[in-house]
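J.: Here is what each chain is made of, one letter per residue.
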Amino acid sequence: MFYLYQDDSLRADHQAVRTAAGWYDFTHRVIELTGPDAVAFLNFMYVSNFDNMGVGRAKYTINLDEDGWIADDCIIFRLEEEKFWISTLYTKELEKRFSWYEDDFDIDYEVITEDWKMYSVQGPKAVELVNKVIDDTVDEMKFFAIKDTTLDGIPMKVARAGFTGEEFGYELYIEAENEEALVAKLEKAGEEVGARHVTEIDVMALTLSCEAGYALGLDIRRTYPAEVGFDRMIDWKKKKFVGKKKLRAIKDEPPKRKLVSFDVPNYDAVIYGGPAYKGDPIYDADGNFAGRVTRFTYGYTVEKNIGFALVDPAYAEVGTKLNCNGNELIVAEWNRLAAKE
Amino acid sequence: MKFTTSEVERLSFQNISDVGLQDDDSGLHLFRGMMSPWDALKSFKETFKFLSRHSAMLAATSINALQIMEPDQETRQGLMSTWWKNDMLETWGPEDVKGQVKSFEENYSIPPFMKRTMYRQANYADWGDEMMLMPGKVRYATTDHVEKEVHGCNLAIAGPDACDLSEGGGQWFCKGLYSQGDGAGYEDDNLYLVQRIGCGDGVCRVVWENKKKFGEHRNHNAEVNGHDWEEWGPPASGYEQGHAPIKDEVEYLTTGYFTAALGQEFTVGEMYQMNATWALPYTNQPIEAMRIRGGGEISESDWYIYKVMLDTAGKMQFGEELTRKTIRDWMNVPADVDDGRVMGAYISMLWQARAMEWSFAKFDEDEVIIDCDSSHLFMYGMYPEILDIYEALFNGMVKTLVSPAWVVEADREYLEEEDQVRYIIKKAVYGNRRQKPGYDYDRTEENKRKLEEHDAAIAKIKAIR
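Quick mapping for you: the protein sequence lines, in order, are chains V and L.
So the first sequence is numbered by my numbering: it starts at 1 and just counts up by one.
So the second sequence is numbered by my numbering: it starts at 342 and just counts up by one.
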């Protein structure tokens, strides 16, 4: 059996981001949405309000299915007044959902995944590295902002965002045909600032984000927003959005589950995380069913097995001791990095 | 007629997925499963399991037949894997004329940044296992290393030959994908089993890893034998402490949807649709191996061995009196019915499970005629041999399910004229399969004359009665 804590490649990639900088291909699937009704359409499809979102800003939000369950999470960039990019992993489902409602709005959308490459630069030295790559600087950029820039004259976009919990993280978008130029520049500049080319998928998607308390789509799908703490994103003043009817009906009911973060002291624990119904079961000391694991990974900064679980709210208090596959599982603080400091 | 095509239209593979999608909770309750001519209704779950078990048994029979033809395991595996390898490379390799890779990446929501990782093939392999009702868990998945436990597998009945095929196929699938041009440096994969249920273990443990990072494992010569699979790992072992319980069945049979490793969801109807249309996994590889042995066509002697094996397997299926009684109860057969209708009903259950268009053209105590869609049965024309395969299997089955007085024959003229597969269940002289290859007992002029005399005498007696 192989264990994450023994994997030196993952450890090196993870620690590079925490201590210096890591850069990596992090190209997601992207839908470009345009049209006079783009804002109205987003307001209808997503729980957040886009009325006052400025050009050059980004927003993390969720969309629901008709039963009020979370269908997907994504980051939406406003590039122009009537032009948005929706960055997600699940364009197939999203296109299907869009198609159900598009006739009511004056919009167009297309998947542009193949047209653009996105490289993520994360870590304390990310500013230094990105400034060496682009023709201007990111010194003044605020979090969740996006702007046009150039790389040796080649047009590109840079956004201040990330999925690592690092204060400084940037996402560089460049047209696919110019990818080589960006990679060459990242390699050269990366060497100069002591950054590392990260290749481990677990580091990009799981270990860094879990330490920082960032949920993945798989952690939250088929849950109600209040169960995973995402009800804060909902703009209840909006007249309509997909799933609102169902959510309003249960708004005053206490959540039946809660997404929590946990530690597992046993290094050799074998635990499987999965979508709501699929992960390994968790029990309390008396053998009562408490919930299921949604994600299980290793935090190389905190040096622990860590993860997320959907549990009965009675077990959600930090410090609660539970059991999974014979291993002690302790409910922990959301953001371990902050807790560590 | 009790059961007609229109009655089963809702079960056709074209609409199974839609039915599943309409369901609000489980994806199951609108799907009827199977129904016998005597109104024995079978649930979706039972239907799915019935189909999966049947496919596994047919694979086991086919592989066992090949074991007679080719006793040397290395050679046998090489024969089966040669076609498998070429098929995988053709389907997923650089000459991707069907656009399979693009649609695979879209359908499974593989984001571009994951293309260079083992997540991609692990995702597909995991989905394939689940589709074939093999519950399991991916315990570990990183860029270069994947470990998965498979908790149940009907194909384990077929034995290690099937496991090897699975490993080899997975490996060539992966090599094909990486030959697309965006995976340079990741073409060297190891895929092997370190634990296997057939070795006395509780689970199969499949490991997929990059040779460059984790080193070379003992490997057979892929270029010579056309396959690329590994020896088994450590001997059978118990679970380590803190292991999760073994899963009895795949979750989506209960929940109604399957979530792939990267989050793509498939309804239970879509999973079933794939199983019913793909059908007969690991029966096609031995058939291809026989073709290769015969230089392009299956030789007469190989075909003879294969059909005898199928005949025997069919007889064994209901050989025990208790089994015969159980299957009659399962189909709600009335006590006074003990003729070709029982066999016809069983075939109809199988065709329903395979979600094919089918109908009874005749269903009475003297004769049963059952038709079905040839394109679907032959896997879109790829395996016309299935006509003979099922003929041999059913002809064996009817001997123990009903009595040795009955035979099942395929109507080849009907196939040619109507493009429909027709099996006729009737009383007839039995014994043509006990002769050596090439000797056709039924069709000698002398025998035909005797049969005609016999039939005429019976008709005369019936008329008097």
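Treat the hints with care, since some could be wrong.
Subject to a maximum C-alpha distance of 27 angstroms in a straight line, what follows is the list of computed BS3-like cross-link-like pairs (lysine-lysine) [claimed, not checked]: (1) V:Lys-83 <-> V:Lys-59; (2) L:Lys-456 <-> V:Lys-157; (3) L:Lys-801 <-> L:Lys-791; (4) V:Lys-256 <-> L:Lys-588; (5) V:Lys-142 <-> V:Lys-59; (6) V:Lys-188 <-> L:Lys-553; (7) L:Lys-588 <-> V:Lys-321; (8) V:Lys-278 <-> L:Lys-801; (9) L:Lys-554 <-> V:Lys-304; (10) L:Lys-383 <-> L:Lys-703; (11) V:Lys-96 <-> L:Lys-648; (12) L:Lys-768 <-> L:Lys-648; (13) V:Lys-188 <-> L:Lys-703.
Worth flagging that the hints you see were computed from the coordinates, not collected in a lab.
J.: All hints, please: hold or fail.
T.: Going down the list of hints, with the structure as the test:
Note on Lys-83 of chain V and Lys-59 of chain V: the hinted pairing holds, with a Cα-Cα distance of about 14 angstroms set against a maximum of 27 angstroms. The suggested pairing of Lys-456 of chain L with Lys-157 of chain V holds, with an alpha-carbon distance near 23 angstroms, which does not exceed 27 angstroms. Restraint check for Lys-801 of chain L and Lys-791 of chain L: the C-alpha separation of about 15 angstroms stays at or below 27 angstroms, so the hint holds. For the hint pairing Lys-256 of chain V with Lys-588 of chain L, the CA-to-CA distance comes to about 26 angstroms; that is within 27 angstroms, so the pair holds.
With a C-alpha separation of about 13 angstroms, the suggested pair Lys-142 of chain V and Lys-59 of chain V falls inside the 27 angstroms cut-off, and the hint holds. The straight-line distance between the Cα atoms of Lys-188 of chain V and Lys-553 of chain L is roughly 25 angstroms, inside the 27 angstroms bound, and the hint therefore holds. The straight-line distance between the Cα atoms of Lys-588 of chain L and Lys-321 of chain V is roughly 25 angstroms, inside the 27 angstroms bound, and the hint therefore holds. With a CA separation close to 67 angstroms, the supplied pair Lys-278 of chain V and Lys-801 of chain L exceeds the 27 angstroms bound.
With a C-alpha separation of about 24 angstroms, the suggested pairing of Lys-554 of chain L with Lys-304 of chain V holds against the 27 angstroms cut-off. For the suggested pair Lys-383 of chain L and Lys-703 of chain L, the alpha carbons sit about 23 angstroms apart, so the restraint of at most 27 angstroms is met. The straight-line distance between the Cα atoms of Lys-96 of chain V and Lys-648 of chain L is roughly 48 angstroms, outside the 27 angstroms bound, and the hint therefore fails. Simply put, Lys-768 of chain L and Lys-648 of chain L have alpha-carbon atoms about 20 angstroms apart, close enough for the 27 angstroms limit, and the pair holds.
Note on Lys-188 of chain V and Lys-703 of chain L: the hinted pairing is violated, with a Cα-Cα distance of about 78 angstroms set against a maximum of 27 angstroms.
The earlier numbered hints that this structure contradicts are 8, 11 and 13.
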